[in-house]
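> These are the residues of each chain, in order.
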Amino acid sequence: MEKVMRRPGEYVIPHEAIPEVMSRITVFPEDKAVCLERTEPMFTTYWASAGEVSPFFIAVMKEKKIIGARCPQCQMIICPPYMTRCIVCQKEDFSMVDMEVGVEMPQVGWMLGTPPITVFANARFARYAPFGRGRVILGESQSALPIQVFTTTGFLKPGIFQRGTKVKIIFRKNRMGFSTDYFAVPLDEVPEKIRDKNGVEETALKWKSTEISEPQVTDAHKKQFSKMLQAVTKFVSAIPKSPRAQRDLANWSRKIQVKTGGGKLGLILDKQRIKVVKEKVPRPDLILGIEDPTCLIGWTNGDSLVNMIRMGFAGINNLQDMETIFKLDRLPRSIRRDAEERAGK
Amino acid sequence: MRKVPMRKVAIVGAFTTPCRGRWLSKTLWELAQWAVSGALQDAKLNINRVEAGVIGLYNDIFARQAIPESSFLGHMGLAFKPLVRVTNGGATGIYAFGTGFDMVASGRYDIVLCIGAEKATDCYDFMSETQTPEVVQTIAWSWDPLFERDQGATASDSYAEVILSYLDHYPNDLKMPVRGEILRILCEQAKNNPNAQRRDEIVTPERVEHSPWIIEPAFKKLETCVYTEGACCLIFAAEGVAEEICRDAGQPPIWIEGVGFANEPYWWGIKHPHKLPGRIESDHLAAKAAYEMAGVGPKDINVVELHDAFLPQLEITMAEMGFVPLGQADDLIEKKVMAPHGQLLVNPSGGLIYGGHFVGGSNMFSAWSARRELIRRGMDYALVHGTGASSAQYGGAAILKRGVI
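First to last, the sequence lines map onto chains R and Y. According to numbering that gives the first Met the number 0, the first sequence is numbered sequentially starting from 0. According to numbering that gives the first Met the number 0, the second sequence is numbered sequentially starting from 0.
No lab work stands behind these hints, which were simulated from the structure alone. Do not rely on the hints blindly, as some may be mistaken.
One-sided and incomplete, this derived list gives chain R residues near chain Y with beta-carbon spacing under 10 Å [as the list claims (entries may be wrong)]:
1) I17
2) K31
3) E39
4) A47
5) I66
6) F119
7) N121
8) R123
9) A249
10) K326
11) R335
C-beta: ideal position from N, C-alpha, C; glycine also.
Bound conformation, chain Y alone (with noise of 0.2 Å):
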């Protein structure tokens, strides 16, 4: 049976701090009031006028404190009122993304602000004398205690395991000349994006060739996605209101048609209720059920905003979703899916690989991009897809709806 919201939800504004590997000069909070004005600004909208919000914030160790959320309330401008913390891995962002939604689909809020900030990369090893060990480290630190985090399990390699099980299951998919030329094309749409961290950069399929294996035989550095430090603020509005705002704000409401989330188990084995190998089930089944709340499918898509942790994995949860089979994710390329040689415009943000990763907010910063798209090129639909936790565990993703004022 399809599920309905109780009533229809829209963002009626945006805003996303410029991405960057390091904000030595903005604390958390800076960052995430920043965005919050940033949204408010956008939306015309007075603060008063808020009732609630929502907070992606991915750990405490990132964020040098133990139940960060309770500090960020009075900075968002939402004293006395109620403020929810989601922490769901890599996909705390669609998570908090799917929570605000409920907050006003269900009928308790009108207004609601979602947030999500980052700050990774005041994390530091003193024994390499450099960051990344330590960002990756923080992350390892939600492995099993028990069974795993004694192993030397990172982030990458619970990724780079669902890869190369997905390679063991179809050896001749996922071909590093598609990748190399899918890197090419992402590097060159985060040229368009204001706020991208990888601006600069130049990227062929030969430098992806030639760059270091991070795992082997999974992927390369060029591969993977940045660390980012940043902030971005989505405006949720309810049906009746949205429209109201929108129209002062001189931009049309993006609706919110279909949300959908999926959890796989954490243990891998050869059956259910195991997580299997060669899958991200988790992505199937929530585009599955947020296709089936707005009533469309792959075909209805103009744009997708999906959380590519590493472009392997890009490759597989476009399978996943159904904009190519299983087994042939290469046809992203090779049969001309892919804009600029296809349609479907794929992370025209630049992504996560060149985009920026602020893990609190990446997937709002996708919905921004999402958003920002469908209003500038006047496409109709578009999807935001979240992964996270180890093995790409945690799934989720939103069907996004241009409206008209």
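Next up, chain R with everything else stripped away, as it sits in the complex (with noise of 0.2 Å):
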């Protein structure tokens, strides 16, 4: 028996997402009922075995090969190999054709369709967030290999890749049997001289990292800056009078320096407020850069940050963090709709 290990210490499960045995006594705001909450898990762990499609993985991380199967009689060739036998011949018998597992495929294909990004991802990816993942054809597959996608070069935007798009296959450095041993990144973002050979390494590939740039400073900004600071502390004041806002902010707590053309602020957020400080914030969590001060002031009428981020208007400097930004796009519609009710009522 031979056992990998990613790193000791990685847990199936983060130990942060673990929470404590807990109760606590809640009154609904709708309609004032007192409720007992408390802390469940429900959970399984397992040995899962990948069964009769061991020799997919098994070739992945021992010969850093992809191999589909093929049905002798009809000639479909299947990538990956999800099943043993041909769903559409059957023998004299009747029972289905077995179809013949080991089939080495191409390590370059196309994309079946334009990958979504995700933004806003499920709980055990958020920190990845944005990610792409999409299907690629290989050589005479009529399936598609499901893959994630990445480009070498920064910020994956939409346009990178769409239908049709040539991609090859890359392999992680570590590989231990898990459909991330493989991803997808363009066949032009390949240097020329190993676009042809099979089993290239992430490490063979120049990856460019995600760098916030120091914002220009000019006047025209400068101008702005004060009418943002305006804008952005009016728009604050506002999250105590919003119940909803303030569950959005509930235990989450950040000092945010924001670096904009026109100046410096902090945000610090704590106790489900937030608290706008003017110049340096020392040792910040988070960095946000924005060129142009009245992106903020959009903010505060809703236009989104991620948006900003995604269309290179600004940029944070820890990607992983995305999950405070998100907080930070809710609070405009939140107060907006607590606002609207309360002038309903």
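Work from the hints to combine the two standalone chains into their complex.
If you want it as structure tokens, here you go:
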């Protein structure tokens, strides 16, 4: 038996995702009902067998190969080899025809469709957002291989991958038998000399890191800065009147240094409030860079910071902390909805 | 050959709870029992006359219990009677509806309860200190565990793939101003639904335009369905019994004239037997089968209650069901097909985006609304639709017709 461990101390359920045993008594705001809540688990852990598709994962792990299966009767090829019998062809005794597993597939293919880029991920993957996931057709396969897609050029933006984009399969250096052991990059981002080579590892590519540049200070931006500061201050002062906005910020604290082309400010998220501070924030948890201060006025009116980051008008120094940006993005709508409700009453 | 049921089936009673993002003060059992109680009251029916039940429960994780249907039977007043649980992804509601229909149409039972219930937002992600990522995570467990799940697939991006591949084929369709206008209409319509979750919201095309991307460039935040806790119960009765119940209750029977279902394969590819990009063939085949059984077509339909998980998918589904051509789904607004610009009433409940989406019973909630509109407005035909599972694989449709008492 050969056992591979990613990193000692890395668990299938992250430690920070596991709550302590707790209970609380909560008053439901809509009908004032007093309710008891408890933290509860519902989990199962597995030594999950890959069964008949084990050869696919072992070929990835040991040989950096992608294999498919072929029906000897109709010649249909499928990759991944998700079944071992052809569902189109039957033998004389009406049983399904057995497919030949172990057909080696080429490692250059094309995207079946434009892959989605996930900005708001599920709990296990929030720290990796934004990321792409699509389907690639390799060789003569009739089925598409589900695959993560990456660009070597930094932030994954729409347009890099489209239907028909030629891609190269790249292998992780450490492979453990998961579908994340391999991924796709656009073929034109792969150096020409290794485009035809099979079994290319991630370390053979040059990866550009996502950096945020220092915003350029201009007189025009400086003029807008005080207006923006006023708008942001007014905006955050509405949070204590908005139960929805307070819920958005519950149990979340961050010191954010905002750098704009007109000057700096800090946003201190704590105790379901945001405090605006002028200039430098000592030891910030997150840096948000925005060239044009009026973008932040836009945010107070409902423009999305996520969209600004995506469009390149803003950047953060830690993409793993997109959750904070999601929370900031929720605030304008929450404040507006509470204000509309108050006005309605 | 046109398939016809062995006997006619009608909806004779219905009730839905208010839709809420969280019912902190109600458990799943209480929500379901509330719905059953309301439906019995609506039909003025003694529970002892009910012979069997079917319950749509989406998944065990939301329910916090394996085999959760076991503890429902007594609450539903169905002790010592058969209760079937149906779970079919997002289409659980419409499949439970179909199962209930079959139980009566086959002649096995005269009166059947069809219940759908959901409680999703007890799920909580202790890393982000919010519910949504954990709810999304729970749905993400439905992805293939070997080849896909570890890649970060979400409920949203399966539909996003469908939408993006449709746009690959029809890049000039699903335009944002059209989507914004449909959303404005749905939001407005939700105000007329006393049980809608987002009744107090004001949505404009401009607000849609500015809302953040959930999956780029498929759809934005204001285009996505909500997570809802709630329950709905429909009462099905056979011809001969239905008329008598409806006379006593003073409401017309709503006949289920046709039902149709189709599921696409899980794996995508370039030709059949794989799921094809750019299509939701399950919706097309399900609607076709329902139309054929009912002997009607899209032109006969007055009200559509459609499973709009995401707004662009609503447009694609409307095309797949024959209301507009594929590739020209924007005709819904541009050619004035959809009310109030046109005649066809689409999602008067506000749909799943503004009305609510309690997965196990959303499609029953849609049927509840379709019945309500047929009776209130004196219309003839409604179509109820459900979709679900990763990549919108599962499709179901039912054609309802207003009867007389």
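> All hints are to be evaluated individually against the structure, with a verdict given for each.
Here is what the structure says about each hint:
1. I17: holds (7 Å)
2. K31: OK, holds: K31(R) within 10 Å of chain Y, min 9 Å.
3. E39: holds (6 Å)
4. A47: A47(R) check passes; min Cβ-Cβ to chain Y is 7 Å, inside 10 Å.
5. I66: Given a least distance of 13 Å, the restraint on I66(R) is violated.
6. F119: Constraint on F119(R) satisfied, holds at 5 Å.
7. N121: Nearest chain Y Cβ about 4 Å off; hint holds.
8. R123: holds (6 Å)
9. A249: With Cβ-Cβ at 6 Å, under 10 Å, it holds.
10. K326: holds (8 Å)
11. R335: With a closest approach of 9 Å, the R335(R) hint holds.
Violated hints amount to a single one, hint 5; each of the other numbered hints is respected by the structure.
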